[in-house]
Amino acid sequence: MGTVTESLRRMGKLLITLYMGNLKFRIGFTILSILVILGFAVSPFSPTNTRSWYIVPRDRPPSYEYPLGTSSMGRDILWELCASIRNSLTIAFVTAMIASHIGLFLGFIAGIRGGVIDRILMFITDTFIIIPGLPLLMVVTTVLKRYLTIPTLGMLISIVSWPWPSRQVRSMVLSLRERTFIHTAKLSGMGTFRVIVQELMPYVLGWHLINFTNTILFSIGTESGLAILGLSILDDNTLGVMIYWALNWGYALFRGIWWWLAAPVATLVLVFISFYLVSIGMTEFMHPIARR
Amino acid sequence: MIVEGLKAGYKLQTIGSSEEVGVYVDAVSGVSFTLYRNEVFGIAGESGCGKSTLIKAVYGYYEPSLVLRGGSARIYGAKGEEFDTTRMDRGLLEKRVWWKHMSYIPQSSMNVLNPTMRIRDHFAEILRIHVGMKKGEAYQEARKYLEEVGLPVDALSAFPHQLSGGMRQRVVIALAILLEPSLILADEPSSALDVINQKVALTLLREKQEALKNTLVIVSHDMGVHGVLTHRMAIMYAGKIVEIGRTADIFWKPLHPYTKALIESLPRLGDKSKRVGLSGSPPDLKKPPDGCRFHPRCPYAMLICSRAEPSLREIKEGHYTACWLYSEAVGEPR
Amino acid sequence: MPNREKPSMVKGLKQLLKYIATRTAAYLATIFTGVTLTYIVVKAMPVDAVENILFNIISVTAVYDPASIELLRRNLYEILGMGGSPVESYLIFIRRVFTFDFGPSIIAYPTPASEIVFNRLPWTVGLLLTSTLTVWVTGNLLGVIAGYFRDRRFAKVLESVAITLYPIPYYIMALILIFLFAYLLRIFPLGGGISIIPEKLNLEVILNILWHSILPAASLILPGALGWSFLSSRTLTMQTLAEDYTRYAEARGLPRSHILKRYILRNILLPQTTVLALSLGGIFGGALLTEIVFTYPGVGQIAYRAIFSGDVYTLMAVLFLSIIGTATGTYLLDLLYPLIDPRVRYR
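Chains as they are written, first to last, in our numbering: chain A, 1 to 292; chain B, 293 to 626; chain C, 627 to 973.
Only chain A is shown next, with the shape it has when bound in the complex (with noise of 0.2 angstroms):
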């Protein structure tokens, strides 16, 4: 428990850091605080079921009344864009809480026994990197299509997105344990998780926090791409399945309801570009060469 506690205080303390001293995390922070509230704070004070369709004016272009427009299905735009903000940053959270988990167990467990488990958890993760990602999701939300709901596409999405950061922590642990105070910790008769713990997290939990935010990018980019194809929970909000209805529904662009189509695409964006800062910020916060 006490190293949990003082793990959280650590990143905390990292976070205010990052903050006051780097000018892109900042910058990407702040953004995505905004998103955050968007979707968690103020969706919930929705007029209107953003599930339902044909409840309000059906394309009417941005106005007092409808900041963003309407869509053709009858919904307000900026009530649906709330919502399919909280669900794409859910799923994309589900993913990033398991599949980098996953990545640092077992990148921890290979880099640190090395030998047989090394090549044995390798051999698994280079499978799993070499098959193609897409189109095996794609298969699998085909053949999974009636259990889809916003955690379970999370859960679905991290088979594909455990790979690299098991790789990555790997290396990491790799580097680290060439470094002489792994040595001495081991030969003044540490047991093996203890050294783990103690001497290797404080370096590692930097990088996993990097991990974890790659890991949200990913799962945003996966989610929105298996919509844009249909394959996504095509009766709830989130950002791609927005993108869906709009192109292949309502083909916004041939009928010039353009608004319908840039809201979530400038969100997506906006999304993109600030999960991206953050995680630049922290990566040059990490390895200062990045910051001359």
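In case anyone wonders, no lab produced these hints; they're calculated from the structure. Computed from a predicted structure; not experimentally measured. For glycine and all other residues, C-beta sits at the position ideal for the given N, C-alpha and C. Any given hint could turn out to be false.
[To be verified] With the Cβ distance kept under 7 angstroms, some of the chain B side facing chain C (calculated, not the full set):
1. TYR316
2. TYR353
3. LEU384
4. GLU386
5. TRP390
6. TRP391
7. TYR396
8. GLN399
9. ASN403
10. LEU405
11. THR408
12. ILE421
Could you slot chains B and C onto chain A? The hints should help.
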């Protein structure tokens, strides 16, 4: 070479604070000395006393944080050409001075050779760029030269990581002597090596100096290196030269209290008495003390030492020191 | 002494052979496992291909006799190699993989699946090869320049542009490009690979194909060239500039252009070839989403249709090609890299 009143130091910016606070580290604070042809000159002192900065400033290689604050460093080519490295810009130094008239041997040889280039190309590129040789000619010349300095010829086709540390250092030394410059600046040329390789590297340096009859400057914290190799030497303390003289005089008749302490701390054969080191530590060069920079640690400090700075004065023939103890008459400290 | 004495030569050769053997074994094993895993997942698809074909045949020929439908169904199962136990059909599949014959396709029955895929391959490979190479060359070039002149204004502008473009997935970029250039400005077509009937290959046909492929290529090149390869080669350049060997080369009075070429480019391009090899290995998988968004007639388009019609064989042919490509890229790189980069040795 004549160095006059050279001042250089590091401008640092405190990272993390929003306002930019410039801090200046006064690493070389008004240094003057003269070097002659056909001599090996040593510069000694504790780490952080500014000796490496001094030769970087003389060489004219300024990294972003290193700034020149005044003084001059004139060097002379084999035909008497004069160059003031403090008055020349980087491009001019690259074209006219570096490697042709003056070369530099860095502190560690571990990572100074291009890992993706064979050893022969390191020699060839200098011959092609500075002398204008053709590629084939340059390779032949490199082979001939390597035999001359006693390096195995098959090292030519090796990549740097295939050589041992000692070999790599010898390659770096050989590179520095390749164009037979009239001045060679060596910054701790042997400190990263084991005893045997140290001896090999230093011997190579001295032999080449004797053959070329040029000027070799050796910077080292190791008094043993100076005792074996140098003819004259300077002792630096906190950015200033406190004593210059013939190496033998410095070792046997040191004048400055700091030099005395330095010499006394050396182990001597057959002497079993305990070494008494200096108490205290060198001053912070961001805010150096007033007066003589050594006075806070000096066992003979007088009132004047904390108020005014002593200048470098010739006490005996060719033996200079900067100390108030010798201001009136030549003699032993009271 | 250089590590080149005779006894170590023999030892080195043995080590090399052992290295090649283990790498080859791992290569074949990952492919086998990858293909098998993919096969299991694909087989679980709920869309039944036989019922699909039956439905098509029935709706066209109006056969209503239940007995003949049942006969047809059994025949189809047999022809498609889909009868029998799962283990049996897996073994049939493996045998087919070795002959590169994946069985008849369903989306264009009875054309063989491999033929369909190979017909579409030039489109995908053409698009992806060009864009991958463009990305690599321009990205690295710009990255090195921006890293070398990192304090200049244009380098900072380039960096900001790269940071904005890099995280955007290529298919979102595709949507933005379609919106700007096909919808607003109307300079490029909304999609497709070619809009005239090609009777023979002439300039007109080539120009038409190029005209159609500019937006898809741009959607891949923009996030790539000004993104990943730019940012990574810029960082590598700055790292190399800070290395002792680069600074000592400067102190030797070597001119800038020489240092840029021999010291910086050389040390950077070597690790960057890794990325090139991996992305070249990946081009057979196609850029599925680009092809869908632009209705581009490539391999990804086929995979998409195959998934929706339960066409296991065609899908497996596409996935197999993609697995082979990625695995081979990594494998060749592992074998050849120590030859290219003197710093790395076979382990």
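Hints breached by this structure: 1, 3 and 8
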